[in-house]
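Note that the protein sequences, when read in sequence, are chains A and B. Going by our numbering, the first residue of the first sequence is number 1, and it counts up by one from there. Going by our numbering, the first residue of the second sequence is number 1001, and it counts up by one from there.
Treat the hints with caution; some may be incorrect.
Just a few of them, taken from the derived set where beta-carbon distance is under 8 Å, the chain A residues facing chain B [stated by the list, open to error]:
id, residue
1, Arg91
2, Leu129
3, Thr133
4, Ala150
5, Ser153
6, Asp160
7, Ala185
8, Met186
9, Arg189
10, Glu193
11, Ala236
In short, the hints are calculated from the structure, not lab data. For every residue, glycine included, the Cβ atom is placed at its ideal position computed from N, Cα and C.
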Amino acid sequence: MAERPREERITNAFVELADTLVGDFDAIHFLDRLVEHCLDLLDIAAAGVILATPLGDLMDAAATDRRTRALEEAGLHWGEGPLVDCYRTGRPVANAALDDDQALHHWPRYTLRARRLGFVSHSALPLRLRAQTIGALSLYRDQPGLLDPAQLSLGQALADIATIGILQQHTGAEQPPVAVHLHAAMQDRLLIEQAIGFLAERADLTPDESFVRMRTHSRAQRRPLTEVARQVLDDAFDAAAPDG
Amino acid sequence: MVGLSAEMDRLLTELEADRNPSEQQISQHLARAAGLLGLEGLAVSLVPPAGSIELLFYTGALTAGLEDLQYTQGQGPSMDAITAGRPVLIDDLGDRGTMRWADLLSSVEKIGVRAVFAFPMFLGAARFGVMTGHRTTPGPLGQQQLADGLALASALTGLLTAFAAGAGAAGDFFAMDRDLYHSGVHQASGMVAAQLGISPADALIRIRAHAYQSGHPLAEIATLILTRRLNLAADHPPDHHTP
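The shape of chain A in the complex, shown without the other chains (with noise of 0.2 Å):
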């Protein structure tokens, strides 16, 4: 069977992590689907997640094979690791190499561990939202060279969609994603702009004076400006009646 082009299963990955989101979340299921897909669309070995409970210890939660997670836990266990110091700094820590001193020096326990594994580098994202870091990606590779910038972004990109399933389920909101909000409001206010050209053009105004009359209507009848806005682009606004 030939293998699906790499762009449809990123599109695919999303999709399903998504969906996940929706309904019952059961938060172990779907970071074991995660470190899955990141296998799936990374030039990585192994991949892993940390999670911090609401104790604020930390605890291994998926991991792509029972060795990585093995390693992962004794990392939690020393205190060591990029896993450990990007859930506590909350920033990236990426292409970590493990097989030079510097690493040793750091990390001695874990980085022993890691190279008998044949970890070469390690990379480690936050599951992160604003200040609250509550978890950590892990991408392993077991082959010289580097996580580009693309890789990295996307291993970003489904470290967030974690991020926001778990926040959801600890808040338990059922509430529309922000971005759905801010894009709204957004195209809200382009509604009324391009409502204050229209109502300017058929009604003989400046810009400003549009702006005005639609803001005196809006207020004379307590009705939003984005309604009035829609009433003008509808051209069913009556911009000669009086208002108040």
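Please arrange chain B on chain A, whose structure you already have, making use of the hints.
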């Protein structure tokens, strides 16, 4: 090993500590960030699922011109970063053998820009914006700058999220007293829509086409339309000089 630089870490910490930064403060942060990334300008734009890219914050003398060119043509590195969902890094505009948007990039180079770097901004599965930086000198971003750039895009995503997540804040964020960079262009779209009996979206396409053909900035064309010095409905050119 490439973590975040200490300077960028400090900047992002400040950015995140400020709960309700003003537009001016955000622009100042952006200016500092641009310096750390070795860039001369940075822009943050929103890109709704359907619709055009909307410039929110920027810093740098050439930034508005660069974004204007992309907006006019409805394509470019910023749009591609969003569509493809990955950074689009153009080290050298002078070396564009197989690059897309040859025409756009030659206009961009004419205003003096030599390198463009666009980072998509994600919120969960939603691609909702893009951060675009540029330089007047060619050359790739270093590994440190890439790591810093990715983290900055992520922090700006958090900032916009916070605007949107606060009660009614997304609406407030786009309140009428805030200047939207393309306000005039959208007003002109409404005016042309009324003149030609077409949708504002179609009117915007016509205005962009006119700007593109005339080689004049979109904002200038919009002003001419709004002050009735240019009428796209007219079959023949008006008797006074228009671009």
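Cross-check of the supplied hints:
{"no.": "1", "hint": "Arg91", "verdict": "holds, 4 Å"}
{"no.": "2", "hint": "Leu129", "verdict": "holds, 6 Å"}
{"no.": "3", "hint": "Thr133", "verdict": "violated, 11 Å"}
{"no.": "4", "hint": "Ala150", "verdict": "holds, 4 Å"}
{"no.": "5", "hint": "Ser153", "verdict": "holds, 5 Å"}
{"no.": "6", "hint": "Asp160", "verdict": "holds, 5 Å"}
{"no.": "7", "hint": "Ala185", "verdict": "holds, 4 Å"}
{"no.": "8", "hint": "Met186", "verdict": "holds, 6 Å"}
{"no.": "9", "hint": "Arg189", "verdict": "holds, 4 Å"}
{"no.": "10", "hint": "Glu193", "verdict": "holds, 4 Å"}
{"no.": "11", "hint": "Ala236", "verdict": "violated, 13 Å"}
Of the numbered hints stated above, those contradicted by the structure are hints 3 and 11, listed in ascending order.
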